[in-house]
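Asker: Each chain is listed here by its residues.
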Amino acid sequence: MEKFTIVQSRAIPLAIENIDTDQIIPARFLKATDRKGFGNNVFRDWRFDKEGNLNVGFTLNDAKYSGEILVTGHNFGCGSSREHAAWAIGDYGFKVVISSFFADIFKGNALNNGLLPVEVSPEFLKQLLDTITANPETEIKVDLEAQTITLLASGESESFEINDYKKTCLLNGYDDIDYLLNQKEKIEQFEQQNS
Amino acid sequence: MGKTLFDKVWDKHVVDSISNGPQILYIDKHLIHEVTSPQAFSVLEERSIPLFRPKQIVATADHNTPTVNQHLPIKDLLSRNQLDHLTKNCAKNNIELYGLGHENNGIIHVIAPELGITQPGMTMVCGDSHTSTHGAFGTIAFGIGTSQVAQVFASQCLLLTKPKSMRISVNGKLQNGVLPKDVALYVIAKLGTDAGTGHFIEFAGDVFENMTMEGRMTVCNMSIEMGARGGMIAPDQTTYDYIKGRDFAPKGGVFDKKVVEWNSLQTDVNATFDVEYTFDATDIAPMITYGTNPGMGIKISENIPESNNESFEKSLAYMGFQKGESLIGKEINYVFLGSCTNSRIEDFRVAANYIKGKQKAANINAWLVPGSQRVAKQIKEEGLDEIFVEAGFELRQPGCSACLAMNEDKIPEGEYCVSTSNRNFEGRQGQGAKTLLASPLVAAATAVEGKIIDITKYLN
Chain A
1 MEKFTIVQSR
11 AIPLAIENID
21 TDQIIPARFL
31 KATDRKGFGN
41 NVFRDWRFDK
51 EGNLNVGFTL
61 NDAKYSGEIL
71 VTGHNFGCGS
81 SREHAAWAIG
91 DYGFKVVISS
101 FFADIFKGNA
111 LNNGLLPVEV
121 SPEFLKQLLD
131 TITANPETEI
141 KVDLEAQTIT
151 LLASGESESF
161 EINDYKKTCL
171 LNGYDDIDYL
181 LNQKEKIEQF
191 EQQNS
Chain B
196 MGKTLFDKVW
206 DKHVVDSISN
216 GPQILYIDKH
226 LIHEVTSPQA
236 FSVLEERSIP
246 LFRPKQIVAT
256 ADHNTPTVNQ
266 HLPIKDLLSR
276 NQLDHLTKNC
286 AKNNIELYGL
296 GHENNGIIHV
306 IAPELGITQP
316 GMTMVCGDSH
326 TSTHGAFGTI
336 AFGIGTSQVA
346 QVFASQCLLL
356 TKPKSMRISV
366 NGKLQNGVLP
376 KDVALYVIAK
386 LGTDAGTGHF
396 IEFAGDVFEN
406 MTMEGRMTVC
416 NMSIEMGARG
426 GMIAPDQTTY
436 DYIKGRDFAP
446 KGGVFDKKVV
456 EWNSLQTDVN
466 ATFDVEYTFD
476 ATDIAPMITY
486 GTNPGMGIKI
496 SENIPESNNE
506 SFEKSLAYMG
516 FQKGESLIGK
526 EINYVFLGSC
536 TNSRIEDFRV
546 AANYIKGKQK
556 AANINAWLVP
566 GSQRVAKQIK
576 EEGLDEIFVE
586 AGFELRQPGC
596 SACLAMNEDK
606 IPEGEYCVST
616 SNRNFEGRQG
626 QGAKTLLASP
636 LVAAATAVEG
646 KIIDITKYLN
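Respectively, the protein sequence lines represent chains A and B.
Position 114, counted from 1, in the first sequence is what this note's numbering calls 114; the numbers after and before it change by one each time, with no gaps.
Convert by adding 195 to the 1-based position in the second sequence; the result is the number in this note's numbering.
Take these hints with a grain of salt, some might be off.
[Stated by the list, open to error] Straight-line C-alpha distance at most 25 angstroms; calculated SDA-like pairs for lysine to any residue: (1) Lys186/A x Gly400/B; (2) Lys184/A x Asn288/B; (3) Lys439/B x Ser195/A; (4) Lys553/B x Met514/B; (5) Lys605/B x Asp45/A.
Source of the hints: derived by calculation from the structure; they are not laboratory data.
Using the sequences provided together with the hints, build the complete structure.
Answerer: Right under this line is the structure:
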């Protein structure tokens, strides 16, 4: 996994609540057996119409927006456990997803793939969305070490939560398998005690 | 302080705790299927990590399989390739696979309980969010991502932070025609699709105590639709009667010893929950959804609520419904009876009981998809298939089918489908398809009438 430290970038707004993983990556694209290329189909049925033409009204297709940060509505990533959703968002080029609330499984999947879910207050989320919409060139800085998210133009900032273990993993590019493999003895001991 | 059912099972499976971090949780059973496992197998191969406990894994093919002509080669090349991957990966790693056509094949959350693999007090995971189904047995069961599938392959453990606890009690007597699915849709409509996030639910009260195992599975299955990783119901005599004698259930004296152990799993009287909700069973009616998330549900005789929320309006626009209108009388052309939520024998009994002596409406395309080969067999043994055929329906072969429309079973663009599945998300059942979630009874009534009817009038 790539190390995550600081992301400073413009952001793309997607102010819809309860975006489920079927919208992020529809089931018909889950037939692959590797992890690559899911970005092509991220938000497929919102980005394209049924003839495959670009839906120009959708923010990801709007040339005025760009960046490695996706700013979304409440309860992002609900529904299916498909990790393909996190792969698709990462593969498209996002490194951070901001919301006021994330569904559990998506959040875990994102963290396991070096995609940082940043949970902010509903007020700060509204401010971010309003600012980006009014001025798409606005840059946002997400600092994992300091656990802060800052609107660079105004300096307005909020801190966010992440558990120490996951933070260490992201900062160093470690994943859970490394950790668990180091615990084999303890796990075998546990099995013996409980057999 | 006392312990909850969840605490008791969780604490017994903690291998170790990381300070200010997650705990290492031991996983007893790992269920896998073709869609979310191939990349996990690849991770292990790339890193030369052997599978740690292949005997604790059970595999099936369900998500991406056809529900007709299963004996023929699968036409879709990508689907066939994905199933071939599963077969090869299971053979290479000595994993028990109940593949297409096997007598034990079916939807993973239907087959594991019916084979007696699911047992009280266990921890179970699967790369599928509806793993919550197994909580019906007093099991900690939850869906995981593919990275976690790889972690369990490698170590039979996961790194997890203990979730908060929630108890949902429903007391009283359910009205005639109110099914477990209605109880689930009612609770989600009341609390919302995010209420359970960060929590594990215990369903308590006499409504669940009086429910069959099939009903309890339907309710726990839908826990994820309110955001909870899982939901549980304390094991009791109903649970033990269901498990006893099944293929992988403990036998003889071992079973009796297990029952004593399982009896100790009840939540202690003095245990407390982070959040508690209580509902009155008599207020629950047959439900139906009108929007694009499972929380957008109403009693079938109620009107769609009014709201000026942008996401709510976007949802209604997709569905082609108006604020404040009734769904009664809406013409429906598709009905799906199936999915890990409602494809067990009891669901087909309910449908057959309603359909008996009636005829399928001419405009209706109905897909009746049993959850497993065993359910399909039992449908025949009980003669339910004859009732369906006489009424103009045909039964398909087991699989996830139109619940997620990964295979050919897609609801066409713009069509409404009354579905016994679990998700009414945009495009879930096919691009542009409009899903209304309901119980098997409401689905059967819709299939006979060709439109939504007020089932409560029929029942009374």
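Asker: None of the hints should be skipped; say for each whether it holds.
Answerer: Hints, one by one, checked against the model:
1. Lys186/A x Gly400/B: Between Lys186/A and Gly400/B the Cα gap is close to 39 angstroms, so the pair fails against 25 angstroms, i.e. violated.
2. Lys184/A x Asn288/B: holds, 19 angstroms
3. Lys439/B x Ser195/A: holds, 21 angstroms
4. Lys553/B x Met514/B: Given pair Lys553/B, Met514/B is violated - Cα atoms ~29 angstroms apart, limit 25 angstroms.
5. Lys605/B x Asp45/A: holds, 15 angstroms
Violated hints, in rising order: 1, 4; the structure is consistent with all others.
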